[in-house]
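Taken in sequence, the protein lines are chains A and B. For the first sequence, my numbering gives the first residue as 1, with consecutive numbering after it. For the second sequence, my numbering gives the first residue as 763, with consecutive numbering after it.
Do not take every clue at face value.
Said to hold, decoys possible - The calculated BS3-like cross-link candidates involving lysine-lysine, where the alpha carbons are at most 27 Å apart (straight line), are: (1) Lys-332(A) with Lys-836(B); (2) Lys-724(A) with Lys-836(B); (3) Lys-1331(B) with Lys-125(A).
Said to hold, decoys possible - Derived coverage of chain A by chain B (criterion: at least 3 residues anywhere in the stretch with Cβ under 8 Å from a Cβ of chain B; other residues may be distant): (4) 309-315; (5) 530-537.
Hints listed in this document are in silico derivations from the structure and should not be mistaken for laboratory results. Yeah, the Cβ is synthetic: ideal placement off N, Cα and C, and Gly gets one too.
Protein chains: 2
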Amino acid sequence: MSVQRLTTTANITHAFWPILYLVWEDQILTQAEHQAISNFLSKQNWISVDERNYILGKLDPTAPPSPAEMRKWKQAIVEAAKDSATLTEASIQLAKGDETIKDNRLAQLQVGLPQLETALGIIGKEAIYNFKLGHSTLTQQYDTTDNFDIAKLTELLDGDQADTINKVKSLLSEPEFEYIDPSNIEEYREQVLRWCHTLADNGLGNAAFPKEFGGGGDMKGYFAIMETLSYHDLSLVIKFGVQFGLWGMSVHSLGTERHHRKYLQDIGTLQLPGCFAMTETGHGSNVKGIETTATYNHAEKTFTIHTPNENARKEYIGNAAVHGEAATVFAKLVINGHDYGVNAFVVPLRNKAKELLPGITIKDCGRKMGLNGVDNGVIYFDNVVIPKENMLDRFASVNEAGEFESPIGSDNRRFFTMLGTLVGGRIGIPRSALAASKSGLAIAIRYGNQRKQFGPEGSVEVPILNYRMHQRRLMPLLAKSYAMHFALQYLTQRFLDRKEEEMQEIEALAAGLKAYTTWHTTATLQECREACGGKGYLSENRIDALKNDTDVYTTFEGDNTVLTQLVAKSRLAEFKKSFSGMNLIGGISYLAGQARTSITEKNPLIKRRTDDEHLLDPQFQLNALRYREEEILSSAGRRIKRLVDEGMDSFDAVNVAQHHLVNVGLAYIERIVLEQFIQQVERTTDEGCRNTLKKLCDLYALITIEQNQGWYLEEDYMDGVKTKAIRKLVNQLCWDIRQDAVLLVNAFNIPGSCLAAPIAFL
Amino acid sequence: MSVQRLTTTANITHAFWPILYLVWEDQILTQAEHQAISNFLSKQNWISVDERNYILGKLDPTAPPSPAEMRKWKQAIVEAAKDSATLTEASIQLAKGDETIKDNRLAQLQVGLPQLETALGIIGKEAIYNFKLGHSTLTQQYDTTDNFDIAKLTELLDGDQADTINKVKSLLSEPEFEYIDPSNIEEYREQVLRWCHTLADNGLGNAAFPKEFGGGGDMKGYFAIMETLSYHDLSLVIKFGVQFGLWGMSVHSLGTERHHRKYLQDIGTLQLPGCFAMTETGHGSNVKGIETTATYNHAEKTFTIHTPNENARKEYIGNAAVHGEAATVFAKLVINGHDYGVNAFVVPLRNKAKELLPGITIKDCGRKMGLNGVDNGVIYFDNVVIPKENMLDRFASVNEAGEFESPIGSDNRRFFTMLGTLVGGRIGIPRSALAASKSGLAIAIRYGNQRKQFGPEGSVEVPILNYRMHQRRLMPLLAKSYAMHFALQYLTQRFLDRKEEEMQEIEALAAGLKAYTTWHTTATLQECREACGGKGYLSENRIDALKNDTDVYTTFEGDNTVLTQLVAKSRLAEFKKSFSGMNLIGGISYLAGQARTSITEKNPLIKRRTDDEHLLDPQFQLNALRYREEEILSSAGRRIKRLVDEGMDSFDAVNVAQHHLVNVGLAYIERIVLEQFIQQVERTTDEGCRNTLKKLCDLYALITIEQNQGWYLEEDYMDGVKTKAIRKLVNQLCWDIRQDAVLLVNAFNIPGSCLAAPIAFL
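Go ahead and model the full structure; you've got the sequences and the hints to work with.
What follows is the structure in structure tokens.
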């Protein structure tokens, strides 16, 4: 029997081809592999010397198999693998043509090959898949299913604002609103202004203003408009928000009837474009520190608005660089050399020919990371004189005798009351941000459902949304977006129904949700960009604009880290209120005096419960978030108190706890968001929608817990077995929700012309 | 005694002003506050009825104090607070002018006021700070200190590449390299090309090519050039990298001598601008799946390059839209209808007049999120015929008989060997990314050191870098950037010194560090943007460009999530190799068979050690990272094995573990990074530099542990007391490193004209 013969016709040695192929696949035959095979052969006395030599000959490191030989082996193995369940079966199949094979040689093979496989560390059931070309897997087959009625979910999301939302969507779908190339900033700004005029002409600008001044008297509608516009160009939203929200609402909220009569009609129709000039180069978050002055002249009954130094110039002011004709200017009121704190004044900037008025200098902020359709500018005032009636005097005024007057004695309180009326901005921005996240998710999820990459050997490729990692990246963000939708609806309603005594709570809620949502948007759009790969980087697919335009949302209407600390401080004060009338410091002191309270018992059985029934129970989820909320709040209080007791200046003590305080703010918001989501699930009557929302709510709750798993373990609130079970369940929910994902983003019902990204329409 | 008198002249009732002021400060007098004060007063028989009535009169909710009265109280309290250590002291000071006060009344006050304060929850030592205007705190005073010699640290960072680095820096500082407005894409692309020519003219383009073909033979220098250029416009870096790295190095690495002789000189001088045409619309990460064909015609000795369908067009190809005259095209080699897998071919695209050659269609990719100075294009080939010698035939060729030939038998192995030679791109990209992080940190840290916002009541404002939260945001990123610097140096050196058998390890290292670094860069620049507030959003401050240009780094040279899984799979294979010669599947099987090994003992004493000596011990830090690395590697193996044993298709099983595998890849990289940083600290001789680097290294180690604290607690490797101690130490290190932060970013020695951001030069 020649070696030639062993190679060409069916032969028992062919049963070793699969093993030879596998050991040579990485082109490196290791000592150990060689050893394992020759050891094995030396013990098999049913194999002839020729056969053995043939096999050993194929293991010569200096003469590896050629491409042609490797190819030949593979073809034969693939053929043999078709009806085989394991590598051994395929191997025996390859040997079957050999007429020299006697039953006992076959039996020897049947026993020996698995041993050799084991010695080489091959799992036969697994290895066979390398040769079962075109076999189908669960991962490939998985797909979108119709678990609920999209239209019903859209209805639920839109609620009583459906008419307004649909009106805006249909307007945005007009050809006039087709996107333009943003390269030329001048053209872009003019286009955005034209769009704004169209919106105003359609009665959207003055939606929130009182009816007696030409408005719609519909604050709720205004928020729905802002949000819906955010499916389109975000420069338009911000331009719209500056004009009607900031400029208009500042006149409305800080002024009195004569201001309303004089300005609101023209603002609402965009006849009088204006600005909101609060931030200065030197003072953004710390508004109290602004340095622009408004000096009262009793003889003339005028104020002189002045920029005392470079740092006091107004900066980043939207609508200022080109279009604004007037502004609400925040300045320190000075009477007889006495500083009466920050107040607001209407100051004309340009005439109708758009020429700057005397004493006004405006510079262009130039190119920004995004929002280049908005003309942000820097404003300097050089002793600009305005009449006394231009002071927006709802909360403070100068009386006939030239004296400062206010219904609010405390300067601090007056300042915060004034800012409090502007809280609407902290509702509009997160709602706009959330809409941008929804666009990003719609693009990335629809693309991920179509885009295929990699697959089992020789088989069709898999939609990337079927990969667990891809789901892990996008599904939690989708769940969080739904969660935030309901939380922002809640915030809006609380704001609309507000009573004086709830203002502090509502302000904290708005500040917290603004921070939480805008951070979520930044994270979501980043993930969407990466999830779309190179396609996500092309501007035509819109994640570029969405990401860059919303990036500043974490900064404006208050820097997010400053806002979350505000929430924390308000929470410390709240906590105290529920026990006594002590002030903030008292709150801390009080808390510190308490024994550590456990809102939820740390029950040793519950700590270790890992069953789905428990983990998916809203009560467990909410308890966990509440426990964290209360516990880190009180521990922050105790910590600050201890530091002060040890003699530290309280400013320093609060600084030491700053990181802790940010978490206090976030934990509060997370609890609120979950609470609202749970309530939403409970009141959803349509079964399909409810089941899907329940899954999203569970995912939101569990990723929030998972994110803080270190804390829960540290606190001994959960055991390791439980956090592991939660991680597993999160993965499972991501897998489950993937089936609904396309429908869930379609339920946002974003107009196709707004979404626009080609990759969302493959 | 009239009430009038009580109000105007010094009087014992004035001792209550501080308390009255504090309860009215929020303009809301609660029931509880009113109750506490009147209860108190009713028990103080040393207070007269008039006095009591005066005080109670100030607590009438219907007549709150006026602004003027609040102001008067505050002024008086501020005056009294000057020499007082507590609120009580100041209160007594206010009463002292009253000649009716007898010693016993003073004594009563001294006893009574603290009781009242306590009842109201006021901490006297704390509350006094509200009135100590202009007092100085630790937080305000904290500042940059000179703990080390900047020049010495720069020297250490630059190492033996200092000459090359300084040459590039001085070239970039020439007026010619001043940034231009990127609005006009055409102009921008031409400018970038001109800059590239200048670099080539200065001998930087061909640095890595062999000397015999006009190059510098200095691969190490090439990486230093790429990195240093990245302090400038990143479009330039990418254009440079496409021409000299991708186009040039593909000819160099995949071609043989005749290709080198024919092309390298012209590529290195930019006489022959070219492209690297690998990615197709349908296949990015899964390069093996590309569909472009190169069909061999033996009669003509030619290949026909063809794009069979829209998905097979080459996409995102740099240098293609305008400037490229040729390309290395990756295509499936077809001989006699047989597919021989992916190979590379040189294909001319344009003539010297930049006219497209027959059969070539190129479209412009259009505007991108960033890198708009690079002309990315889409290429279609319509039966383009090229001569046989254009096949880059280092790893495979067609012989004289028209048959496929290769020294590597395994198709898989040949494919990965070919890709392996291109690993340099996965070194250049993270080094470029890291340079961009350094620029971002230099801008944000220098700004944070100058920018002041908020401060103690009535006192100067605080540089925002002194806030703990700001430090928490930036210091870990600074430490991580230093850590990555040394890790990338190590990777570069391993690559330069590579031996054949180390290639798999080096490829995994490069893939992992590419992913880890580019994710770090995205995160860092996002944080820097936010940390700079509105200023960070203005394009003039360059975070815009840095962020948008590098955003795609997480995608190109391989999607980061795909790369980290590659690392994980390579790690599973590695693991096996150290025990036997089994293949990957065998590795998993082997691992699964092992008892769970604990590399480091879970010593109950060590689990609870919280002292600095222990936590700052490199051995503890490294053990913790190693333990995690080994443990999640083997648990991933066990998990996949279990699923396959249960009958799951291995493709599905790997998918189930995908999230886990990403962590396996990252844990490996983190251990390597820490190991290298620790070694760097050990070999640093200058004491100042070593101390600073040690702090950075500690911070890197501890934030990495902190990030995985949930896992360590779950595994019972650490106790809650220990993770808490680590968190505290992280905060402390952030505080400590803040003193060095400005020097640390200055040590990057980024040319001022490159950094350019006005906020970095306040």
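How the hints compare with the structure:
Our distance criterion of 27 Å between C-alpha atoms is met by Lys-332(A) and Lys-836(B), whose separation comes to about 19 Å. For the hint linking Lys-724(A) to Lys-836(B), the alpha-carbon distance of about 56 Å lies beyond 27 Å, and the restraint is violated. With a CA separation close to 19 Å, the supplied pair Lys-1331(B) and Lys-125(A) stays within the 27 Å bound. Residue count for the stretch 309-315 of chain A with a Cβ under 8 Å from a Cβ of chain B: 1. That is fewer than the three needed, and the coverage hint is violated.
Counting residues of the stretch 530-537 of chain A whose beta-carbon sits less than 8 Å from any beta-carbon of chain B gives 5, enough to reach three: the coverage restraint holds.
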